[in-house]
Structures are given as structure tokens and as C-alpha cells.
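Engineer: Read off the chains here:
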Amino acid sequence: MGIAAQSRWWQPRWWQRWRSSPLGHSLGRDRIAQVALAVLLLMALAAVFAPVLAPFDPYDPRSIDIMNSELPPAWVDDADPQFVLGTDAQGRDLLSAILYGLRVSLLIGLCAVMLQALIGITVGLSAGYLGGRVDVILMRAADIQLSYSTMMVAIIVLAVFRTAFGAQLYSDLAVLMLILVIGIAEWPQYARTVRASVLAEKQKEYIDAAQVLGYGRLRIMFRHILPNALSPVFVISTVQVANAIISEASLSFLGLGMPVNRPSLGSLISSGFEYVFSGSWWMTVIPGLVLVVLVLVVNVLGDWLRDVLNPRLYKGS
Amino acid sequence: MLSVRGLAKRFPLAGTRRWWRGDEGLAVHAVNGVDLEARRGEALCVVGESGCGKSTLARLVARLIDPSAGEIHLDDQRIDTLHGRELWPLRQRVQMIFQNPYASLNPRMTVQQTLLEPVRLHRSSLSQSEAQEHIEQVMRSVGVDPSWGARYPHEFSGGQRQRISIARALSVSPELVIADEPISALDVSIQAQVLNVLMEAQASASLTYLFITHDLSVVEHFGDRVAVMYLGRICELAPARSLFSGARHPYTQALLSAIPRIRGQHQPQKLHGEVPTPVHSPSGCVFHGRCPLANARCREQIPVLRETQPGHTIACHAVEEGRD
Amino acid sequence: MALLEVRDLVVEFGLREGASMALDGISFALEPGERLGIVGESGAGKSVAAFSILNLLSAPGYIASGQIIFDGVDLASLSESALRTVRGRRIGMIFQDPMMTLNPVLSIGEQMLECLRAHSNCSESEARHICIERLRQVQIPSPEQRLRQYPHELSGGMRQRVIIAIALLLDPQLIIADEPTTALDVTIQAEIMQLLRELCDNEGVALLLITHDLGVVAQLTHRTMVLYAGRVVEQAETAALIRAPRHPYTRGLLDALPERTEPGRPLNQIPGSMPGLQSMPSGCAFHPRCNLARARCQSESPALQHGVACWEAAC
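Protein chains in written order, with this note's numbering: chain S, 1 to 317; chain A, 1 to 324; chain X, 1 to 315.
Simulated from the structure, these hints should not be mistaken for laboratory data.
Cβ coordinates follow ideal geometry from the N, Cα and C atoms, glycine included.
Treat the hints with care, since some could be wrong.
Quick list of the computed label-pair ranges, beta carbon to beta carbon [said to hold, decoys possible]:
hint, chain 1, residue 1, chain 2, residue 2, range
1, X, Val-73, A, Glu-274, 40 to 46 Å
2, S, His-25, A, Gly-6, 30 to 36 Å
3, A, Gln-309, X, Arg-7, 57 to 63 Å
4, A, Asp-324, X, Glu-259, 53 to 59 Å
5, S, Ser-231, X, Gly-276, 24 to 30 Å
6, X, Gln-145, S, Val-134, 45 to 51 Å
7, A, Glu-155, X, Met-100, 25 to 31 Å
8, A, Thr-16, S, Ala-167, 57 to 63 Å
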């Protein structure tokens, strides 16, 4: 017996249980997943503690001096060592801007996915369990939603909103709007996944048993079916977080996302893009790299999670 | 206690309906006019081969699915017309045990939660500690150690899980228990344990069983009366003793001769042909295509159940005419 | 000389927690034309035994030690390509679920021809002729038409007959049948059993039958071996084993059958359940469930002596 139940003070019970679960066991052996998880945690911590870590506050106009604009990163000649990753066209410290931008991007990504999951799980659960007409109506609605691309919906909604309510209100509500638009545009992914897994669970005898015991529909749906239908939801959630981050970046790049004075990774890439040809590559390349790494580690973790949670792929060893 | 009259269930085949021509399309006639009565305290067994409609019958009586025709009565109450909230009192009286012990328990609920949930809902007058005491008593009665309460189903073997399922059904103190192949997924030595638990529960709580199985040797041991089903119909209904000593329907005889006994060479009666699909039910007697005694009348006229001896009824023209 | 002789076969499963023994040194021999039944409950290792003979174990299972001598050759030491000439050709296999064995997108004829072509170089028309002959032999009506049909067009019983026909295709000397009738209805089971018995008698093929059903074993085999937790607990002529079982486990299994007890009386049950691979008891693996167990049974594992492995029964 390899992992004996020796109790040591530095190995509390929950740690041992995690280590012996399929998830913990597989993570212990998968180098790539370990690295991805470490990078993701590092980025998340950096984003959360951005106000502490960042040398400047990019939201504070007083800390910005136009004389410092377009300074290259510290390792390039004639740089100012004060700005490790250089500055942008307005003289903002790029490192600080990226830390704050990461914060906005992650916030929008996570909240949008939570919204997607909330709508999608409710719809998928109702469609799968109730079946019949409810199923037909809800799933056709999902099909219609899917036939518009996310970007198209987002562009139209955001553009209309901006013309209708003005740029000032728009920039105040930008985070909320992006969450709503990306959240609503992508719920069918969840609805379809949840419906498929509800249909599979519904066939099982414990659901028959619950019906024979007289449990109400809501109780059966939320207490009995839902907890057993969630593992694919975790898998697609990772992919969806990555997609939501990309959507936000794309919209910001197109000028429909975060305003320039409250940077996200997308709007940083966008505002730096104009200066690429004048030699100031760092303004767009560095936030671009951060975005690529972020999306990559999330997707790697998603792949790993799918392999572990998929019972057909999971083998005893 | 339980009485079923002319019960039928059709499952429409998807894609065969032509509503614009008023054509209802093809349907699987899973249960096709079944009359059955179970007396209080008896074990009524329904046997038959796969596809004969015995599980559909169980699900109809448990009100998991709605019948296409016919009536189901429990004592004096008609139950096939009840829906939703009206079924609530019935749910406490009629319970079901399922075939697959690996699918019949919610994998994310502990044994404790699984057993406590029905008690809380159906007997809300009980206090927390009374409910707890009640389920511990039920657990002990089916040989489940109450200390297992905090564990999850995947930690148990098939036999233990089946006991937990039985405990869940018994926790609301039902009168009628429908058991759909409760032991066929278990090992031989475990089958005996579970059968004993079911028999003890019957004796101590004066339960009525509707016991669905394909295993005739279990029926012989367990059943008071036996109904043999073929293609959605009952072909013979008799007390277990008289069925095993003197089955007269040709299908029952073939079924009995096919049991692999451990003693003596058996000479199974061969049935020619195969079970027809329940989509295109044969005309007349459903068994005529494979029956060695079939004649022209069998091909045209549907036989009805007639009593040949007290309590022993058979649906067969050949037996009726004395051709067997 | 025995057709198949298995000596001290040990099969292990390499699990996360370390290797555990699925088969703990089993030995048996099978004469040409003999029918041997391996009986056991799920987890006893009976299917592992069947699969290990042709080295079809899938990871994490592997043969740790022992010999499997088939017609003078040790199959355990053969290479994968050498094994392929034995599989299907000299040893046929029948599995529990015919739908798992037959390829759903190929017709019956294509599957049979493929098998025939892989092992012999006969002409198209010859091969067709052999296939039809085999299908007729397993009593499939109108075999010429069946060749064009697909597995889903056949009933369960017919599919199992096709499987048997494929197993017989190349005149094997041994057929290994793993629960061949478990998925079938009783009337079909009776027909398949009769067919297997007749085929083995007429063709002189040996049969290794793996099942949990003592009734099937009683009707079909000459000799029976009872497995419990990866060990042989009893081995005897089938008739003698049924009449006078010597190991307490065999006795318990037989007594647990409903036909052995007066209707309505409690059945004789064996308490407890089979131990898992990870929690094998010391000494005799059956001792926690045995009503004859003594101190010695807990500490020392009994060896198979005169056909029975039990301290109480051996003397």
C-alpha cells in the first residue's frame, strides 16, 4: 500500500483526501498541469494584489506624466529603470497597467462565465428533465442564439448602447456591460452540455426511485440530478473562461470594450497597436504575451480536467 | 388489494407518425391488455423473457409511466388517473426496488441522506431524533449497519447497495412493494442474502410484493402466485405450487423445461422460431407462431384467461379444447 | 498428454496502491475433447483466467509468473505475433455480450471471411462455402442470406450462434467461452447450451466454460473448478462436486440455490461478501465467511490437496 494513512501534522486530512482523489492523484503526476496551475495561480494573485504590487496607479492621472511616454522596457538602451516594462503613449507604467488590466480581464472572464453557467444550467436542466415542449422551445432558442456569433451580438449591443447613452455612462458601466453581453451570448454551450448529461442521468434508476418516493420536480432536478450532471460543466467552464477573456480582449481591441483610461489586456493591446510601426513594439507585444499565456494555461488546465473527469478515459492506474 | 384491468401501454415509435394523414404511426405494444389481482400479504410474481413487458407492467403499477388504456386500483381507489400532488398519499403506500444496485442510489448522497430524505418528507411529524431512530431500525432490519450512514454508495458492494435500496423503500412503511428484478444483478451467494431480507420484511411488515423476474427457480421459492407473460399478455396465472407441478400452457412448459437444474440431464423443449417484435403483434394468440399445438383458431382468435382448476387460469385454445 | 496445462499461474494488477494478485497460483489441465467449467462469483478471477490464457489481459493486468502450456508450447512466453497464430485459429473464444464481439458496421459474411482470410489462404468461393457450412452447423436457418445481414438485424440468440460459428471457423482444438449464455433468455440459453454440447461431442473440441451459474456447469461440463478470491478452492468431476461438495464455499454456493430449499423457508446464505483485491484476508481467503473456520485457517493458506483447498475438508 503506497499512500498509507499516516497522519502527520503537515499533512492534514483534507490534504490526504485530495491526494488520493483522482484529481489530486493525476495532478501529482502531470508536470504540464502543475506548471499551468502554478502560472495561473501566480497571475490570479498578481491580479488580485495589483494595487499592492503595482509601482504606479494607472487610474490616477496625477501619477502619469506625458514626458515619460513611449519609454522602452528596462532591458533596452536608453530606458528609465523606474518603468520595468516601459511606458505607453500617455506615459503610463506598462507593468502597472498590465497588472490592473489582468484584473479587469479575469474579472470579466469569470463573471461572464458565471452568468453563462447560471442561465445555461437552468435552461439545460429544465429542458433535459421536463422534456417535451419545454425542451423543444428552449433548445430551439439556444440554436437561434448560437447562430449569431458572440462577436456580432456584442458589437451590435455595445455600439447601440454607446450611441444611446453616451460615452461617459458607457465607460462607467463598461465592465458590467461586457459581462452581460458575453454572458448572455454564450449560454447555449452550457445549456447543451447540461441537457445531454441530464438526459443520461435521468435514465438511471435512482431518479425513478426519487419519483416513486414522491419527491417534487424541483427537488429531483436540483438535489438529485444536478449534482450528478456537473462534471462536464467544470470542463467546459475552463474553455469558456478562456473564450470570454478572448472575447473581451477582441471587443476592447475593436474599441467597444474597456475605455482607455481603465485598461484591460485587450484595450492595452489595442492602444499600443498604433505605435507598433513607430518602433514601440512593447506596448502591444507584452500585454499580448500575457494574454496568450493566460489563455494557454486555462486551456491546458481544461484539457487536463477533461481527461481526468471523463470516466471513459479514466483508467484505474 | 391491487387490481389491474385491461392495462395496456403503447410506446409510439418516433418518426413513424404521419399526423397530416391522421396516421398515428407504429407503436411498441409493451403491455397489451393485462388483468391481474394481488391479494394483501401475498408475493405475486410476474415472469417472462426479455421484452415481454414485465418491467413496463411494474413501472405502470408504480405510476412511473401513464397507461395507454385500462385501470389500476389500489384497494377501492382508482390510481391510474391521479397526477402530481394527488399521488402523494399513494407514494407512501407503494414503493419500488430496482434491478441495478449500481444505478439505483444517488452517488452523491450518503446512506444517511438517502434514507432520511423520504422519512422527512412523508412523516414530517417525526422529530429529527425520532426520524433518525426510525431509519436506524429499518437499517438493522435489512442487515445494514447503522454506522455506515456517513458513507457513500460507491464504498459498498452490490449486495450491500441492494440492501440500502430495500431500506429506502421500507423507510416509508409501504404496503405494496414492486420489485423489478431485484436480485438478477447479484452473485449467487448474495442473491440468497437479499431474498432472505425480502422474505423477512414481508413476514414482519405484512408486505404485498409484485415481484418481477426472469428466474423461475426464484419464483418457485419465493412466489405465492405466478403470472407468466409473453409479448405483453398473461398466458398463465396460477399458484406457484400448481404451476410448477402442472403447467399447461405450452409456453410455460417450454420455459420450465429450459431452467438449467443442477440435478439430472434436462431435455429442454425446443420452441421453433423467435419472439416476434411487439411492433407487429401477431393476430390471434401471440404465441401461435412458436407453439407446437397451434391451429387455425389460434391464428385468428385471441384466447382469454379461463380457470381450469381453482385459482389456475390459462389463456390457450388448445388447453381449453383439450388438445394438449 | 493434456491439451492445455496451466501451472501456477499468477496474474497481478499493477494499481496505484501497489500490485495486487487477481490470480494466486492456479493450476489445471484440460484433456482433448474435455469440457471444464470454471465457476466463481464476480471478482473471483474467472474472467481473468480466461483472458490470461490467450494473453489478452489489458493493462494494468499482467501475467507475473506461471506457465500456460497449450499443445506443448508455453503461451505465456510467446511473442504477440506468435500468439496471433494461436488465437482464433487453434483456440476460439466466445464472449458474454455478442454485440461487443461483432463489429456493427460489417456484415456477418465480411466478418467471417476476414477471420478466415487472416489465418488461411483459401479462395473466395472456398471461404464462402466454409462460412455457410459453419452457420448451418450452428443451426442458423438460411445461412446464405445471413451472410449479407448486419449484427443488429439478428436476435440475441442468433448473434451468439454467429459468434460460435466464428469461433469454430478454423477447426480449433479448444474453445474458451466466457459466460456465453448469461445475456440470453432461458429458452435461448437452453438452445445454446445444447448446441455447444453437441458441437464439442461431434467435433472433439475441448471447452473451457467460465460461468457463475452452477446450473449451466452441471448441464454442460465434465469437470468443475471453483474459484474464490483468485484461488482454486475445489476441483472435481462435475457430478461428484454437485452431489458431494467438499469445500465449505462450494457447499454454501449450492445450498444457496433456491431449488435446494423448501419453498417459503429462508435460504441458506453465505454471510458477507467476496473480499476485494486490496483487502485480502490472511490465511484461507474464505475464513471470514466460513462457519468451520479455526485458528489455523486465519494464519495458514491451505493448498489444493485431493481436489480441495481447505484445512477442514482435506483430512
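Engineer: Does 24 to 30 Å hold as the CB distance between Ser-231 of chain S and Gly-276 of chain X, or does it fail?
Structural biologist: Once the Cβ atoms are compared, 25 Å apart, the range 24 to 30 Å for Gly-276 of chain X and Ser-231 of chain S holds.
Engineer: Quick one: are Asp-324 of chain A and Glu-259 of chain X within 53 to 59 Å, going by C-beta?
Structural biologist: violated (26 Å)
Engineer: Check the following: the C-beta atoms of Glu-155 of chain A and Met-100 of chain X are separated by a distance inside 25 to 31 Å.
Structural biologist: Given about 29 Å between the Cβ atoms, the range holds.
Engineer: Per the hint of 57 to 63 Å, is the separation of the Cβ atoms of Gln-309 of chain A and Arg-7 of chain X within bounds?
Structural biologist: holds (60 Å)
Engineer: Look at the Cβ atoms of Val-73 of chain X and Glu-274 of chain A and judge whether their distance stays inside 40 to 46 Å.
Structural biologist: holds (42 Å)
Engineer: So the hint says 57 to 63 Å: do the beta-carbon atoms of Thr-16 of chain A and Ala-167 of chain S match that?
Structural biologist: For Thr-16 of chain A and Ala-167 of chain S the Cβ distance comes to about 60 Å; the hint holds.
Engineer: Could one say that the CB atoms of His-25 of chain S and Gly-6 of chain A fall in the range 30 to 36 Å?
Structural biologist: violated (57 Å)
Engineer: With respect to the beta-carbon atoms only, verify the hint that Gln-145 of chain X and Val-134 of chain S lie 45 to 51 Å apart.
Structural biologist: holds (46 Å)
Against the hints set out earlier in the document, violations occur for numbers 2, 4.
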